[in-house]
Amino acid sequence: MALASRHLLGLEGMSKQDIQLILDTATSFREILDRPIKKVPTLQGKTIVNLFFESSTRTRTSFELAERRLSADVVNFSAEASSVRKGESLKDTVRNLEMMKIDMVVIRHAAAGAAHFLSRVIDANIINAGDGSHEHPTQALLDMYTLREKLGAIEGHHVCIVGDISHSRVALSNIYGLQTMGARVSVCGPKTLIPRCIDQLGVQVYYNIDDAIRDADVLNVLRIQNERHGGTLFPTTREYRRYFGVTRERLEASKKKILIMHPGPINRDVELSADVADGEQSVILQQVLNGVAIRMSILYLLGTHT
Amino acid sequence: MNIKSRLIDHQGFQRTLTRLAHEILELNKGSETIALVGIRTRGEFLARRLAEKIQEIEHRELQVGFLDITLYRDDLRGKLNQPILKGTDIMFDIAGKNIILIDDVLYTGRTVRAALDALIDLGRPATIQLAVLVDRGHRELPIKADFIGKNCPTSPNEEVRVLMQEIDGEDAVVLVEKGRA
Chain A
1 MALASRHLLG
11 LEGMSKQDIQ
21 LILDTATSFR
31 EILDRPIKKV
41 PTLQGKTIVN
51 LFFESSTRTR
61 TSFELAERRL
71 SADVVNFSAE
81 ASSVRKGESL
91 KDTVRNLEMM
101 KIDMVVIRHA
111 AAGAAHFLSR
121 VIDANIINAG
131 DGSHEHPTQA
141 LLDMYTLREK
151 LGAIEGHHVC
161 IVGDISHSRV
171 ALSNIYGLQT
181 MGARVSVCGP
191 KTLIPRCIDQ
201 LGVQVYYNID
211 DAIRDADVLN
221 VLRIQNERHG
231 GTLFPTTREY
241 RRYFGVTRER
251 LEASKKKILI
261 MHPGPINRDV
271 ELSADVADGE
281 QSVILQQVLN
291 GVAIRMSILY
301 LLGTHT
Chain B
1001 MNIKSRLIDH
1011 QGFQRTLTRL
1021 AHEILELNKG
1031 SETIALVGIR
1041 TRGEFLARRL
1051 AEKIQEIEHR
1061 ELQVGFLDIT
1071 LYRDDLRGKL
1081 NQPILKGTDI
1091 MFDIAGKNII
1101 LIDDVLYTGR
1111 TVRAALDALI
1121 DLGRPATIQL
1131 AVLVDRGHRE
1141 LPIKADFIGK
1151 NCPTSPNEEV
1161 RVLMQEIDGE
1171 DAVVLVEKGR
1181 A
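Residue numbers (this note's numbering), protein chains in the order written: chain A, 1 to 306; chain B, 1001 to 1181.
It is worth saying that the hints were derived from the structure and are not from the lab.
Don't take every hint at face value.
[Claimed, not checked] Derived lysine-lysine pairs resembling PhoX-like cross-links, with alpha carbons at most 25 Å apart:
{"hint": "1", "chain 1": "B", "residue 1": "Lys1097", "chain 2": "B", "residue 2": "Lys1144"}
{"hint": "2", "chain 1": "A", "residue 1": "Lys16", "chain 2": "B", "residue 2": "Lys1086"}
{"hint": "3", "chain 1": "B", "residue 1": "Lys1178", "chain 2": "B", "residue 2": "Lys1150"}
{"hint": "4", "chain 1": "A", "residue 1": "Lys39", "chain 2": "B", "residue 2": "Lys1178"}
{"hint": "5", "chain 1": "B", "residue 1": "Lys1086", "chain 2": "A", "residue 2": "Lys39"}
{"hint": "6", "chain 1": "B", "residue 1": "Lys1178", "chain 2": "B", "residue 2": "Lys1053"}
{"hint": "7", "chain 1": "A", "residue 1": "Lys150", "chain 2": "A", "residue 2": "Lys255"}
{"hint": "8", "chain 1": "A", "residue 1": "Lys257", "chain 2": "A", "residue 2": "Lys150"}
{"hint": "9", "chain 1": "B", "residue 1": "Lys1097", "chain 2": "B", "residue 2": "Lys1178"}
{"hint": "10", "chain 1": "B", "residue 1": "Lys1029", "chain 2": "B", "residue 2": "Lys1178"}
{"hint": "11", "chain 1": "A", "residue 1": "Lys101", "chain 2": "A", "residue 2": "Lys91"}
{"hint": "12", "chain 1": "B", "residue 1": "Lys1150", "chain 2": "A", "residue 2": "Lys38"}
{"hint": "13", "chain 1": "A", "residue 1": "Lys150", "chain 2": "B", "residue 2": "Lys1004"}
{"hint": "14", "chain 1": "A", "residue 1": "Lys101", "chain 2": "A", "residue 2": "Lys39"}
{"hint": "15", "chain 1": "B", "residue 1": "Lys1097", "chain 2": "B", "residue 2": "Lys1029"}
{"hint": "16", "chain 1": "A", "residue 1": "Lys91", "chain 2": "A", "residue 2": "Lys256"}
{"hint": "17", "chain 1": "B", "residue 1": "Lys1086", "chain 2": "A", "residue 2": "Lys38"}
{"hint": "18", "chain 1": "B", "residue 1": "Lys1178", "chain 2": "B", "residue 2": "Lys1004"}
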C-alpha cells in the first residue's frame, strides 16, 4: 500500500483510499506521542526543509515536531531572514536548496499553486502547508482525523464550516476531503465572505448561524482574517459576533451536542466565544495534538515512497 | 504455495508451544516477573498462545503486548511495497520486567534488531529474552535466541512459513521454494 502521488499538494482529486491510508497510519503515530520516548528512527538521514513564506506558529511547529520525531534532519527557512528579501525568485531559492541535497520540502506561500509549481521544478517530495486561499491539506486531514476519533466515522455526518470562507484555504481542503469521505458539507457566513458559485461544489449555504447549529453535527469555525481583507467586508467585529459568533447561548438553544472545531489561532469573542472555546464540546486542543500525528503519517508515507 | 516438506505438523506445533512455555518458566523461575511481547503479525498470535499455555500452568494473569517494528526497519527505503503500520500495543510498563520477545522465524536477525530498538524506546526492561518457533540459520547480525521451537538448517532459496489457525486455518510449519506462488 502506498499513496498514489509522491507529493501532498491538495485534497482535490485525492482518492478515498489515500485519505483513509493517511488517517489509519496516523493512529499508529498517535500512540507514539504517548510514549516516554516520542521518537522513532524511520526518516534517519532524510533532510527536510520547512519553507515558510508566511508567518505560522502552529503549523510550522507541528511539522517540525513531526519531522524530529521521525528522526529527520530539519532546516527551517523563513522568508524574512533570507535572500528572498534581496529579490530572489522562488524557483532560484528552491533550486539552490535542492543542490544541498534535500529530500522533502514543506512549503507555505501566499500564492495559490506555489506547492504545485515546486513539484514541477524540483525533485524532492513536496508538502503543501498552505498556498494562499487555495488549499491547506494537512489541516483538513487533521480535522477529519479528529472528527473520526470523536464521532466514530466521517461518512454520514454533517459538517458546517463557519466564517470567512472566501479567504480560507482550510475551508476548501475540508470541502474536498469531507465530500470524498462521504460527509455532508455546508458553509455559513455573511454573504460578503461566501464565494459566489460555491454551490457548484455541492455545498449548502446558510446565512443564519442558528439554522446551521440546528442542522450540523460539527461546526468548524474559521478565523476572521482581518489581515487579508482589511476589515471592509463586514461593518464591525461586534456586529459579526452578534450575527455569526458561536456562543454558549446559541449552542444551548440547540438540543443536540455538536462538536466545535477551530483551526486556530482564535479571535476570542469574535467568531467563537471564550466559554465555548474552552467548553466541553470543543475539540480544539485535540486537533493540535492530532496534527502532529497526521503530519508524521504524511511524512512517513511520502518519505518512504519509492 | 509449493510445499517441499512439513517441518512441524499440527500435533508437533502444540507440543512445541507447551515445551517453550515450560522452558520460559523454568529459566525465569515462574511467571511473576515476565511479560510477553509478540512481533506482529505472527509473533502476535504466538504470544497469545504461549500466554494461554503459561496461564494454564501458573494460574496467574500474564501481561501480553504486541510490537510493530515497521518504523525501525533498516530496509524501509528499498522496499517495493510500503508496509502498512499495524501499531504497537503494549499497555503496561516494561521497565524492570523480564520481557520475552516472540517471533515466528529467526533468520537474518534484522527483525530482532529492530524489535530491540523499538522495545528500548518504550522503557528499560530487566532483560529481553528471545523465543522463536523456528531458527533457520543464515544470521547477518550477532543475535541468538534463548528459546527455540525447532532448529531447521535451510538454504537461502528456501522459505520457512509458519501457518497459524488464526490466519491460515491450520497450525504447521512448512518449507517452501522461494519465488512463491
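Quick one, are Lys1086 (chain B) and Lys39 (chain A) close enough, alpha carbons at most 25 Å?
holds, 17 Å
Under the criterion that the straight-line Cα-Cα distance not exceed 25 Å, is the pair Lys150 (chain A), Lys255 (chain A) satisfied?
holds, 19 Å
Given hint Lys39 (chain A) paired with Lys101 (chain A) - CA-CA distance at most 25 Å:
holds, 24 Å
Proposed proximity, Lys1029 (chain B) with Lys1097 (chain B) (alpha carbon, max 25 Å)
holds, 13 Å
Sort out whether Lys1004 (chain B) lies within 25 Å of Lys150 (chain A), counting only the CA atoms.
At roughly 51 Å apart (the allowed maximum being 25 Å), Lys1004 (chain B) and Lys150 (chain A) break the hint.
Taking 25 Å as the top limit, are the C-alpha atoms of Lys39 (chain A) and Lys1178 (chain B) close enough?
Violated. Lys39 (chain A) to Lys1178 (chain B) sits at ~36 Å, over the 25 Å cutoff.
Is the hinted pair Lys1178 (chain B) and Lys1004 (chain B) satisfied, with a Cα-Cα distance of at most 25 Å?
The hint holds at about 11 Å.
Do the alpha carbons of Lys1086 (chain B) and Lys38 (chain A) lie within 25 Å of each other, as the hint requires?
Within the cut-off at roughly 18 Å; holds.
Restraint status (C-alpha distance of Lys257 (chain A) to Lys150 (chain A) at most 25 Å):
Between Lys257 (chain A) and Lys150 (chain A) the Cα gap is close to 12 Å, so the pair holds against 25 Å.
Straight-line Cα separation of Lys1178 (chain B) and Lys1053 (chain B) no greater than 25 Å?
violated, 33 Å
Are Lys1097 (chain B) and Lys1144 (chain B) close enough, with their CA atoms no more than 25 Å apart?
holds, 20 Å
Lys91 (chain A) and Lys256 (chain A) were given as a pair; does the straight-line alpha-carbon distance stay at or below 25 Å?
violated, 51 Å
Of the numbered hints stated above, those contradicted by the structure are hints 4, 6, 9, 10, 12, 13 and 16, listed in ascending order.
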